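**Student:** Residues per chain, in single letters:
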Amino acid sequence: MARLTPLCALLAGAAAMGCGGSSSAPTSPGPGGGGPGPSPSLIASVPIPENYGIHDTYVRDGVVFVFAWNSGVMIYDIGGAGRGGTPANPVLVSSFVTSGGEVHNGWWFHNPVSGQNRYLFIGQEGPGIVGSSSSGDIHVVDVSDLAAPVEVAFFHLGDVGGKSTGTHNFWLDEQAQLLYAAYYNGGVVALDVSGTLSGDLAAQGRLLANVQPGGPGNTYVWGVQQAEGAVYALDMLSGLWKLSSGTLAPLGGGNNVAERFSSDLWVQNGYAYTGTWGTRGTVPGNTVKIWSVGVGSPVLVDSIITPGIGTVSDVQVSPSGTLLMFSTEHGINQGIWFYRLTDPARPILISSYLVSSQSLGVHTATLAPYNGRLYLFAARDPSGAALLVFDVTALDQ
Amino acid sequence: MPRPPSRSARVLLALLLCGARLAAAQDPWVRVAAQAIPSYTFVNHVPGGGNLGEARIVQPVLMAHAGALADHLRFVGTLDLEGWTMPDGELTPGAWGEGFIDRRHPHTYFHELMLSGVAPVGGADGALRIGVSLGKGFAPFGSDDPMSRPALRYPVNHHFSQILERAVLIGAAAAGPVTLEAGIFDGDEPEYPGQWPLIRGRFGDSWSLRLTLRPLPWLELEGSRARVHSPEHRPGAGTDNWKWHASGRAEGPLLGGVAYAMVEWARTSEQDGFFVFHSVLSESAWSRGAHRPYVRYERTERPEEQRLADPFRAPRPHLENSIIGMTRWNILTAGYGYRLGARPARLQIQPFGEASCAIVGSVGGGIFDPASFYGRTRLWSLSLGIRLGWDIEGHRMGRYGVAAPPMNNEAMSMRMNHE
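So the protein lines, in turn, are chains A and B. Take the first sequence: its position 31, counted from the start at 1, is 711 in our numbering, and no numbers get skipped. Take the second sequence: its position 236, counted from the start at 1, is 238 in our numbering, and no numbers get skipped.
In case anyone wonders, no lab produced these hints; they're calculated from the structure. Bear in mind that the values here come from a model prediction, so they are computed numbers and not experimental data. Possibly wrong hints are sitting among the right ones.
Pair by pair, the computed Cβ-Cβ distance ranges are [unchecked claim]:
#1 P987/A with L256/B: 38 to 44 angstroms
#2 A357/B with D880/A: 54 to 60 angstroms
#3 D880/A with E56/B: 37 to 43 angstroms
#4 G976/A with P89/B: 53 to 59 angstroms
#5 G51/B with P930/A: 35 to 41 angstroms
#6 W382/B with P987/A: 30 to 36 angstroms
Every residue, glycine too, gets a C-beta built ideally from N, C-alpha and C.
This is chain A alone, in the form it adopts within the complex (with noise of 0.2 angstroms):
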């Protein structure tokens, strides 16, 4: 069932592939990678202070929010918020750093109930045992004005187990305004975020529903995602679940990936890929798993093993379907893997960007859309943190 990705694609550097099947040469347009498809290209690189670097970017509407720990949310226009940026030249509007620093993803709120885009949250990653403990809380800042924006709320879960807990990766379902936020030990939650957002969401009752879908011990949530009709959580130590909207209420999976910790997941068109993290007993996180999500529980289909790498950090499909891309850190293979999705279930190897030693690799990686073409805004890690652009318009094909 698992694949390996061809061993030609992997020659860290190797500028011209020549695999099987390729119709062409590509060139690689960066320290190394390439593939027997078009590659992807580099339009812009802004460095990013090197305070922890980027963990994470939300793009939305021509405005990119880069998620840059103790430097804040670095709020960029590429077209959107009437700078002049652009994809290829994007211009800092602002930056603003929540309360405690360690600022790690977020969610810019379209609220189609209020026709207001006011709210932006943001996880903040603080310290964690993985696997047992974490810290961190949701901030929501007002960004009416991208150029001033303040911090109005926030949200903390408080203690489960005995142990403190802290949010990571957000999905928000914004018609019925809720957002779910993976807590890791401490599960999902999902929190009623509808009308004027201020001071302790917590005291205010709008925390609905809060399940640890492994069980005490067994619960370590990296990231959720509302889609196909439910929501789906990956839980580093109990692999893929099926989750009720709303209640959270288990529907299925859990308990379905063993040999590997569990990383970032994304679900679309009646599959989900997940990746993996780290290294479980002796056996890296050099997988994305690909799920069949349609009636009943997750089924494991087929999975690729990238050899030379140790995390696969970000999982994204475009969304047009046909394009799936994931981040990798730490090895020779770090960077980012470009799959096509002519047939879901089997996706096939187009292209690779792999980055510098240097670096620890890419730590996650965003696909957004934007005046008719798909960029790709990846967070390279440090030493060189940056934020790099990428035109994957001919990828996504």
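Given chain A, work out where chain B should sit, using these hints.
**Tutor:** For chain B alone, coordinates are given in the frame of chain A:
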């Protein structure tokens, strides 16, 4: 890939040797000492399971101590060549720090470069002596560097009980048996042997205090406190360490030989107490004639970091403040050395054997499982080697100027020759 010897390292070596020749002919004094330990270490088990044995030249150092102006001005310089002889570290179960795990990291080439001014207050024989030290070296905190202690094996608590290789400014005062030191320094620890402390933006972001009492000639009591900003992230985004340390040290004649004993306790708290690490260590040695048995017991907790494809390395620079677990190491080490040749002599040749048994267990949760990672929780190591030294014995490392132990100021007399 070992980095090539830096030009500045070669210049320092030349300066040390030239300085020795010049000073030897004048009133100012200088003493040069050197050490190297060719050794073979075998470990059962290493990360991933299985056994591993390695031969290395460890702790190769060239030292110069100098004084001038009636000893009001003093210099300590130590060139450490581990970056050349063991660029991938020394096999040491339990050791950690500076991106190495279960290997002791090589130190920087310029281990110490300290200049000190010392002045008596109230006349030449004033009861109070004050001093200032400036340069690269140890912050006034904790116990002597393990390099100047009996065992070859570095303790797990090295980064809890010493703060070294920093750009440091120290003020000190000594009156009778009491010495107080206060220092400011850069919090960042080195990332590779050729790296210098980061001065711009970091110097002065950390501080330490050390109070030392010497109520008896053979007894030394010490207590230290420090705040170290972002030691593991050079640009400064890492967590702060709040450190406590206390120790008692005794050295003197016993049963026809010379005995040494030290007991220390250390506590390091990070991220406002989210992580707390404790350590207790006791060690002793006894020298009589050519014989020198020694023993150490240590109980220390350490952070477990995500490892790279090389299981002895952790990602640097850091990207976040999480760890994958904490482990507690109980380690018993025993060794025996036999000195060759006539005594006293400036040249030291001491073959030795040293064995350790470490028992490792998880504390505080997390995904790190020592049993699955090492294949067992009881780890053995055996080292055989020869200590080669020139005027090295008796030297203690980590204190300067007013606070320097009398042994360092008067001579690098050999500890084993104190019978």
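**Student:** Could you see if the CB distance from D880/A to E56/B stays within 37 to 43 angstroms?
**Tutor:** Between D880/A and E56/B, where Cβ atoms are some 56 angstroms apart, the hint is violated.
**Student:** Does 38 to 44 angstroms hold as the CB distance between P987/A and L256/B, or does it fail?
**Tutor:** violated (59 angstroms)
**Student:** Between the beta carbons of A357/B and D880/A, is the distance compatible with 54 to 60 angstroms?
**Tutor:** Cβ of A357/B to Cβ of D880/A: about 58 angstroms, so the range 54 to 60 angstroms holds.
**Student:** Okay, G976/A versus P89/B on CB: inside 53 to 59 angstroms?
**Tutor:** With a Cβ separation near 54 angstroms, G976/A and P89/B satisfy 53 to 59 angstroms, so the hint holds.
**Student:** Starting from the hint 35 to 41 angstroms, judge whether the C-beta atoms of G51/B and P930/A obey it.
**Tutor:** holds (36 angstroms)
**Student:** Could you tell me whether the CB distance from W382/B to P987/A stays inside 30 to 36 angstroms?
**Tutor:** holds (33 angstroms)
Hint violations for this structure: numbers 1 and 3, all remaining hints satisfied.
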